[in-house]
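If you read the protein sequences in the order shown, they are chains R and V.
Add 37 to a position in the first sequence, counting from 1, and you land on the number used in the numbering used here.
Add 125 to a position in the second sequence, counting from 1, and you land on the number used in the numbering used here.
Rather than coming from a laboratory, the hints here were simulated on the basis of the structure.
Warning: the hint list may mix true and false statements.
[Stated by the list, open to error] With the Cβ distance kept under 10 Å, some of the chain V side facing chain R (calculated, not the full set):
#	residue
1	Ile151
2	Arg212
3	Glu232
4	His242
Glycine included, each C-beta is placed from N, C-alpha and C at the ideal position.
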Amino acid sequence: MKSRWAGLVLLIAVIVLLVLLPLLVNNYWLRIATGALMWAGLACSWNMLGGYAGYINFGHSAFFGLGAYATALLMGDPLGLPFFVTIPAGMVTTAIFAVIIGAPTLRLRGAYFAIATWAFAEVLIQFATVVDFTGGIGGLGLPPFLDERFFYFAMFGAAVLTYLVTWALFERSRFGLKVKALRDHEPAAEAMGINTSLVKLQTFVLSAVTASVFGSIFAYWVTFINPKSVFGGDITDQMVVMVLLGGLGSLWGPAIGGVALFVVNRLIWMYWGDTAFYIAILGAAIVLVVLFLPNGIAGLFARRTAKSGAVLDKVVNRLVDGEGGQR
Amino acid sequence: MTPTATHPTGDHILTVRDLYRHFGGIKAANGVNLEVGRREIAGLIGPNGSGKSTLFSLVSGTVTPDRGQIRFDGREIAGSKAYAVARMGLARTFQIPALFDNMTVTENLLAAAAQGHWPGAHERAAETLALLKLEHVAENRASDLSGGQQKLLEFGRAVMRQASLILLDEVTAGVHPNIRKIILEAIARLRERGVSFLVIEHDMEMVRSVCDRIIVMDSGRVVTSGSFNDIVRNSEVMQTYLGRPQ
Numbered sequence: 038m039k040s041r042w043a044g045l046v047l048l049i050a051v052i053v054l055l056v057l058l059p060l061l062v063n064n065y066w067l068r069i070a071t072g073a074l075m076w077a078g079l080a081c082s083w084n085m086l087g088g089y090a091g092y093i094n095f096g097h098s099a100f101f102g103l104g105a106y107a108t109a110l111l112m113g114d115p116l117g118l119p120f121f122v123t124i125p126a127g128m129v130t131t132a133i134f135a136v137i138i139g140a141p142t143l144r145l146r147g148a149y150f151a152i153a154t155w156a157f158a159e160v161l162i163q164f165a166t167v168v169d170f171t172g173g174i175g176g177l178g179l180p181p182f183l184d185e186r187f188f189y190f191a192m193f194g195a196a197v198l199t200y201l202v203t204w205a206l207f208e209r210s211r212f213g214l215k216v217k218a219l220r221d222h223e224p225a226a227e228a229m230g231i232n233t234s235l236v237k238l239q240t241f242v243l244s245a246v247t248a249s250v251f252g253s254i255f256a257y258w259v260t261f262i263n264p265k266s267v268f269g270g271d272i273t274d275q276m277v278v279m280v281l282l283g284g285l286g287s288l289w290g291p292a293i294g295g296v297a298l299f300v301v302n303r304l305i306w307m308y309w310g311d312t313a314f315y316i317a318i319l320g321a322a323i324v325l326v327v328l329f330l331p332n333g334i335a336g337l338f339a340r341r342t343a344k345s346g347a348v349l350d351k352v353v354n355r356l357v358d359g360e361g362g363q364r
Numbered sequence: 126m127t128p129t130a131t132h133p134t135g136d137h138i139l140t141v142r143d144l145y146r147h148f149g150g151i152k153a154a155n156g157v158n159l160e161v162g163r164r165e166i167a168g169l170i171g172p173n174g175s176g177k178s179t180l181f182s183l184v185s186g187t188v189t190p191d192r193g194q195i196r197f198d199g200r201e202i203a204g205s206k207a208y209a210v211a212r213m214g215l216a217r218t219f220q221i222p223a224l225f226d227n228m229t230v231t232e233n234l235l236a237a238a239a240q241g242h243w244p245g246a247h248e249r250a251a252e253t254l255a256l257l258k259l260e261h262v263a264e265n266r267a268s269d270l271s272g273g274q275q276k277l278l279e280f281g282r283a284v285m286r287q288a289s290l291i292l293l294d295e296v297t298a299g300v301h302p303n304i305r306k307i308i309l310e311a312i313a314r315l316r317e318r319g320v321s322f323l324v325i326e327h328d329m330e331m332v333r334s335v336c337d338r339i340i341v342m343d344s345g346r347v348v349t350s351g352s353f354n355d356i357v358r359n360s361e362v363m364q365t366y367l368g369r370p371q
């Protein structure tokens, strides 16, 4: 009970600090904070399916990109729609794609789902590169809006909403029980009356739509996107590593991993200007986490510590042997 | 038609007719015919590989039959999805406990009620913990339980489903006598509430003490059925277990 209150006080302190941050730092650090919030939110969206349901999505950047392109296309000529209209439009578009992709692929066992999602993102890169309306490889520009505080609070709002929805749905509702049950033992979950195909699809769509919101804000923020910058596989790779580092299947793990890795990324860029070094750090982080911290950083503070690497075991076993996460 | 394990009252909750399922050359179900009456506790015995667990998988929808009929509570369920069969009121346990390892004991029970039985689930979870004497491990992770406690928890999940028929697959195998006693008492109490059981068991003492009728399977089909005394005197059953004289 004591630790629960301590956690609540810490959470309130963090939120107050984040609300006041624009008054405390300059625009440079505000941009870094905006990016950190985006990655914390994106990592959380990946964790919905990867951590809570145990299905590894290697094409999650596809949904980030769909949100980004929806906003870019709708805000640009000739439509010129307001930014806040483009967000729900991107969400609906992404949801449709997620149902079309998820319905058949979530029935696949083992690595096939991961491969299918990776292939989907690759198809979108190629498609966006060859067609005209996306601007092809040259990409699309958006009307510039140079208010750092606006984008900071947009990302902050989206991140808070993402974590609130995740907490309510996955940690405090019977929907979350169903999702975690199918992760731990899919045939047993079916035997409890849970339509696992439907629950997986619902989780997949929610995860995809959340990523699209961040894609929409990102596109308007950076004012220019191209296929590689929003559909690129490295975007998904970073989300995966952030979640592994923070804690797979935990609520706060993606926030910890997302903020930590993004800040490391920016510091490396600031001092060495070398992004290849960051890629090496990502690789090393995966190895170290798997070996020494299978429950991630969040696992160090969990009230009920899971058996070492138990969730990671489930997810990896499903990926490798295709036995629905069973040992 | 192959031999039928007939229930005498004619009031059946489960009826299986000419059920077949072959896996390549293995005839796991080779024309199964049996009935389970309402409020009956039917034991299902037979040597290893006789098709008992496959029959459970076929009835519960985990495996689809090649052909045949399965009527549960008046409805044809052969080929139905496992979740749909569960929603009709059929619950099962697995030979090797299939728990939600990363969830607590209480969460395992709540997950069992998450679909269709949610109102009052927390109160029923508390009752089930008390019934199975698992209160002291309620907040432990399922993976941290002993083997016997895992069997209890899986049985508890079936209880949480508020099922009218529960299939128990070796639920007392290898457990401490105290845990075995808890399970047997719980089965008796549930039967008083109108629940029927089909129980796979190798422990003949348990079969004798709890089952109203025993169904014997061998080579994917029912050999015979009857009371415990009938079964132990049946030469065909003896041959099934001990082999035929050369």
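Hint check, failures only: 1
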